[in-house]
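Hey, can you piece these two chains together into the complex? The hints should help.
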Amino acid sequence: MELSRLPGFLLRRGVKAAIVVLAIVVCNFFLIHAAPGDPASVIAGQSGAADERFLAQLREQFGLDKPLYVQLWIYLKGVLTLDLGFSHRQQIPVWTLIADRLPATLLLTGAAFVLAVGAGVTLGTLAARRVGSWADSIITVIALTFYATPLFWVGLMLVLFFSVWLEWLPSFGMATVGVELHGIDAVLDVGKHLILPAATLGLFYLAVYARLTRATMLEVADQDFVKTARAKGVPEGQVVRRHVLRNALLPVITFAGIQAGQLIGGSILVETVFAWPGIGRLAFDALLARDYAVLLGVFFCTSVMVVLFNLVTDLLYAVVDPRVEVQG
Amino acid sequence: MTVSRRGFMAAAASAPVLMTVQQGLAQGVAPRRGGTLQMMLTPEPPVLQIGVNQQGPTLAAAPKMFQGLLTFSPTLEPQPLLAKSWTISEDGKEYVFSLQENVKWHDGRAFTADDVVFSIMKFHMELSPRARAIFTLIETCEARDPHTVRIVLKQAFQPFLLMFDATAAAIVAKHLFDGQDYRTAPAVQRPVGTGPFRFTEWQRGNFVRMDRFDDYWKQGQPYLDTVIYRIIPDSQSRRLALESGQVLLSQASDIEPFDIPQLRQRPNLEVNTNGWEYFSPLSWIELNHRVKPLDDARVRRAMSMAIDRNFIINRLWFGVGKPATGPVASTTRFYDANAKIAAFNVQQANALLDQAGFPRNAQGVRFTLKHIPLPYGEIWTRLSEYLRQAMRQIGVALDLESTDAGSWARRVGNWEYETTINFVYQFGDPTLGVERTYVSSNIQRVTFTNTGGYSNPQVDALFQAARSAAVAAERQRAFSEVQKILVEDVPQIWLTELAFPTIYDKKVRNVITTGLGPSKSFDDVFIAG
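Here the protein sequences come in this chain order: A and B.
Okay, so the first sequence: first residue is 32 according to the working numbering, each after it adds one.
Okay, so the second sequence: first residue is 1236 according to the working numbering, each after it adds one.
Rather than coming from a laboratory, the hints here were simulated on the basis of the structure.
One or more of the hints may lead you astray.
[As the list claims (entries may be wrong)] Reference listing, derived: stretches of chain A covered by chain B, where coverage requires no fewer than 3 residues with Cβ under 8 angstroms from a Cβ of chain B:
1) 59 to 69
2) 79 to 93
3) 122 to 133
4) 189 to 199
5) 205 to 212
[What the hints assert, rightly or not] Calculated from the model, a selection of chain B residues having no Cβ within reach of chain A, i.e. all distances over 12 angstroms:
6) Val-1287
7) Arg-1344
8) Leu-1411
9) Asp-1416
10) Gln-1481
11) Asn-1580
12) Gln-1583
13) Gln-1598
14) Gln-1624
15) Ser-1703
Computed from a prediction, not measured in an experiment: that's the story for all the values here.
Each residue gets a CB set at the ideal place from its N, CA and C atoms; glycine is no exception.
Bound conformation, chain B alone (with noise of 0.2 angstroms):
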């Protein structure tokens, strides 16, 4: 079955990540306390209160600070955090979950059910769009007693632990915010969370220092004393503050991937490309149908069919990342192997342009389409210069034109681009991070819905059924259906599974133990003598 084979690989691959640290036990290092640990964080944030700000960097940085109930493997299996247990009854409508005793916010107050009912019910309901989503669909939150919470849903809805993750929802402390408004409450400067580490400093433009939280909950943790994010600009600055050792750790984004190969060669260094499971990044050449011909499902799958995923892979991103095989990344659940796009073939990909009605003139062009490259760093720049070369032989002319992050934005929210990038988290769960870029009823006009256009009755059906199904088996026959007309559709083009290395000095343990990388609460790192 498809599920258990994906677990089983998962856990194949982050095997290396598990031995290096028994391998380091036994050795004989185990934890040592103390130390700071310097980090890198791009682009700066503009608050670090999770929930009201829920960029990547946030996202990486914040979870030292604040914890959700749950964690997840790197199998997506869910781990307990601030929930130690948890039951969920036979009709997959109630979920009870028991809470540590003895959890203190950072202001020495005690953590309480309190808390999560507030946290899920208005703090992130009023917030935070992707949990809006989701949590509409609790009929009672309740706090039973102290230390625990029962949720009802209104109908079974499978992936609902996959949103107890602190990225997705986050715990925070009900009497910093309850009555005011919560993006503007004092608490959004000075966070206050239940983490290993309390947020102590931040220089803007400098940066984000945050020291070991004494009355942590977990006996003996954190190990390290402080953990630090400095705020480096410049991309060739970051490469080299690493490779000089003034800061231990870089993250997401922080190292082009054309500097991994020279990084890969210091002794010192690991460069480690789990745990972006969770998340698992999808990238895409973002269509709008409303441009013709991107609403003929011939050109779509000639272009995508014209695109040598492998060079990208291979010669773009060094290595880092796959080559993406339909609309679920192979990390998610429910993804289905058998469902996958059409090989490169540019001989294939011209045939069916002719065939689609689209001659080549005398410049040799069948038609000529805009092209916004994402702003989000030389990388994207050359993925699109190869696009431009891909799409040149089976004569679709792509014209590139350079925009900001901004404009970016706001041009692809009001639909007013060809083509362009996208890279969209898919959270685990088709449900939640797959439906909302093709089902008809999410065309929005903002980023990261269905800003394409695309609309399949066929699919909409699918995805909802996979939706409201409470089996899993029910919900892999839908969701392998929809990934068989999807790859036939080819409603965009799917290019690459993407991850990002973390790269750390060999001496920082534990980076890596979960299916959320950098972006857990570091409460187990530490710097061996």
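Chain A with its partners taken away, still in its complex shape (with noise of 0.2 angstroms):
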């Protein structure tokens, strides 16, 4: 890659992301506002009691008896200044309440990002350089049955056998409540509550590399170039870093990238089963509330790490791989 290209590279695809992204929130938009109900309605299905003044207060408060372009505009130039606007329902601005709930999430889509990556392309090395053996069946079996089971499922097994039986692990939650901690001991208190979940959440993503990753090693390690390297008296180790692994890694790349993508809202299953206070949650329970500010709030954060990642992903493969060309 020639670095004098970089600059005029991010411009244009900067220029793209950003009308990729307006069009996005756009689309959800309208998206949202067709689903039947409002928020309006809704609280007054939940409140046990209600009169047409109250719709009609609450509506107005909502600003949801503006027409729907007057809405778009406002919602627009929100977005244009990065205000996500303001949740009605719940009284808070849409960026704290994303704000506050971004950390956890991404702290366990992190860690099982982490996971997944790093054992599943360590496991994928190591059944793709004893293909055959016993080792590589029981890698092979294991990848298959995360890959073939459920999410919730796993999550539900994970907390039976190790907080049920065992007792080892918290069934939910993120931290200890109403117990004061400090230091050292608070982290390892999160960390105890982030294992199954994280678990949970990695598995899955982890049989996908560790298959992945065995498949492409194999591929490559027939061809020539590789038979050239051990032939002048490369060391294995090496071979199977430099030449094997480097080669192999773009689709696990592509495949991260598209993971990556997923930080923000790929979670919601796992943070509803663990009662993760993550961002995934708070688009769920906004979806069902109606609470449009919030969910186009998260939608929109989503679209970005959708997009910012794409182009990481992108640029990796001119690092990993000099053949490639980044382009606009």
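Here is the structure:
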């Protein structure tokens, strides 16, 4: 990659990305408003008593009495100044809600991501090096099992095993509540709460990476340049690392890019099962309550993440495989 | 007389609770200071300022921080809270409340009669449809001195006192709301009340924490240091949290009914279904009378007769709750046990439909109705699936359409449904919680009004008579009469008197002592050592 091309590349991609995100925002806006019901009717439906004045008051307060295009215009103006609006239902700015929840989700999905990529690539490499051996069979079977099992079931079984039977790990929440913990104790406490949800979320991807790595490594291992490397006496470890693995990584990076794009939005199920106070559940609750601003805000963040990670993936290609050139 | 018999039965029903407390005391378990009570709250409420939000979870959690003038026993007798005593004039128009002295708000300011007047005449009048409907009857509401409130009504209104529980009209601090938009005032985010626990922290999606208010006006109370509500969205995770002792108390719909039998087996857990007397939720198939043939009383009666309500209670709710016998729940005042809907009888139901002129077609179907299950959890889907089966036996095909809470509320509110399920609180008195579903003056485009569109001048007149009569006996006559008409007319197909189990570790004491179940202040709750 020629460094001189980079600024132009980033600029072109940045402009494209901004257009894509804006289009997504507009699409989301109409999609959400197409769902029957609005926040006011949800609140009326949950309040046990209501009259028409109550509904009218809420709609006026939420700005729902304005025509849709006016509401869209107000929202777009906000987004362009990075103001994601206000959750009238909760009486809190959307940014605050998202910022409160973001660390929890990033911690969970980040941990799952590291687990999945780290363990997945390692296991895949191991299996490929000893293809046909018992280790390969075991890894393949494990990977297939995790690949085929639904997430929520894995979660429930892990809870049953580690929380209910062994009583080793807490079954829900992000930290022990009602006890003052400081320093290392607080970190360890969060760590204990993190293990089960991160494992649940990570196992599926772990399986994907393991299978992907194994398959591509086997493919690359047969190629002429690997044979040449061996023939000229490069040590086996170096052959695997520098010649095979590095060339086998491209599909893994592609997939990691996709998974990283889902870091924010991909964990609704796990957050629900483990009562993890993250973005996924914020979005889910907002959907049920028709809390438009919050939902649009989460969508906005997710789409920015996806666009961002696509860009990073493209750059990484070029780093790993110098033959690939970045192009706007 | 009906009232006293009902009172006796309710007292008998609550006896086991009192006995556990007394047994506890007899074994030397004096209230113990200290400890943290972890509970659950489902679903997470949007705000905890009672009045601004009136959803079930808010009504459960907020009374720890906010109090009403009164609270109510399981037999719905008023009991003093912020009002230490009260008098009602002979003609039933003038109410004088003497307030507790030395009551402080959580921010240290003194609580006075001005706060009460503000709460009633401004705060709830503006915010709460339920309070508004009643408080418009008030002619004057004044602070006679800092500890006396005098209210004069335009006309006698017998159920008036029922409006003074914290869940109906909690007293809020005038100095934090007056002159502001009540919905957006800063106090909404950091609630300040007079209750035994003050708001400390709310991590959204995670937990709400309230700590002991040291200046609470009841000497030596509350016993607990901290109450915490955990937010756990998945029902199986909630059950697990309770079983493993990570939380000590579940309430309302936290636990799915099909999990209750297993929880009853746990020796350390108490499953208590008392404490719903004030709300007395009644469930029914909500019919839209604008849809043919639901405007035909014979059709409605036949559909009602095709339902085995004992099956619903025993097999779906696992024994929690009771079959409904009419529009008024048996725990609500003025319930008439003589007015009963026709018993379960599929044969007669079929005969009735034959007579009414709805023959079966080649597939055995008389007519098809759309049906929206209530989107509040798995149990309601199961109920609708049972109903589809029951209706098939009389040749009525129910077409189930799933929705979520937003669509449900919108469609019911806009009358865009044929049949659905609904359940509605009765608030202790038919005038407060029953009338609204049946009188034609309350046909509105919003949920919990007469959305079905039933209209019967006789019913309107009787509810009006019961509303304006000052004497209980006179009201009973009107209510008995209207119950007799309604069980024949079946404007909605009543299913069950719902009860929700409060499930808690047996070392938690004094949990259910009033007619408001877990929605009480918890100042007397303690964790035995």
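Hint check:
A count of 4 residues in the region 59 to 69 of chain A with a Cβ less than 8 angstroms from any Cβ of chain B is obtained; the coverage claim is therefore met, three being the minimum. Only when three residues or more bring their CB closer than 8 angstroms to a CB of chain B does the claim for the region 79 to 93 of chain A stand; here the count is 9, and the claim holds. Figure legend: the region 122 to 133 of chain A, annotated as covered by chain B; annotation consistent (5 residues with Cβ-Cβ distances under 8 angstroms, at least 3 required). Counting residues of the region 189 to 199 of chain A whose CB lies closer than 8 angstroms to any CB of chain B gives 4, which reaches the minimum of 3, so the coverage claim holds.
Interface restraint, the region 205 to 212 of chain A with chain B: holds (3 residues with C-beta to C-beta distance below 8 angstroms; minimum three). A Cβ of chain A approaches the Cβ of B/Val-1287 within 12 angstroms, the least distance being about 8 angstroms, so the stated non-interface status is violated. Chain A leaves B/Arg-1344 outside its interface by the beta-carbon criterion, the shortest separation being 23 angstroms against a cut-off of 12 angstroms. B/Leu-1411, annotated as away from the interface, keeps every beta carbon of chain A farther than 12 angstroms; the closest lies near 14 angstroms.
With a least beta-carbon separation of about 8 angstroms from chain A, B/Asp-1416 fails to lie farther than 12 angstroms from that chain, contradicting its non-interface assignment. Against the 12 angstroms criterion, B/Gln-1481 falls within the reach of chain A, whose nearest CB is about 7 angstroms from its own CB. Taking the minimum C-beta to C-beta distance to chain A, about 33 angstroms, the non-interface status of B/Asn-1580 holds against the 12 angstroms cut. The non-interface label for B/Gln-1583 is consistent with chain A: the shortest C-beta to C-beta separation is roughly 35 angstroms, beyond 12 angstroms.
In this structure B/Gln-1598 is separated from chain A by more than 12 angstroms, as the shortest Cβ-Cβ distance comes to about 31 angstroms. Residue-level check passed: B/Gln-1624 sits 27 angstroms from the nearest beta carbon of chain A, beyond 12 angstroms. No Cβ of chain A approaches the Cβ of B/Ser-1703 within 12 angstroms, the least distance being about 20 angstroms, so the stated non-interface status holds.
When the structure is compared with the earlier hints, violations turn up for hints 6, 9 and 10 and for no others.
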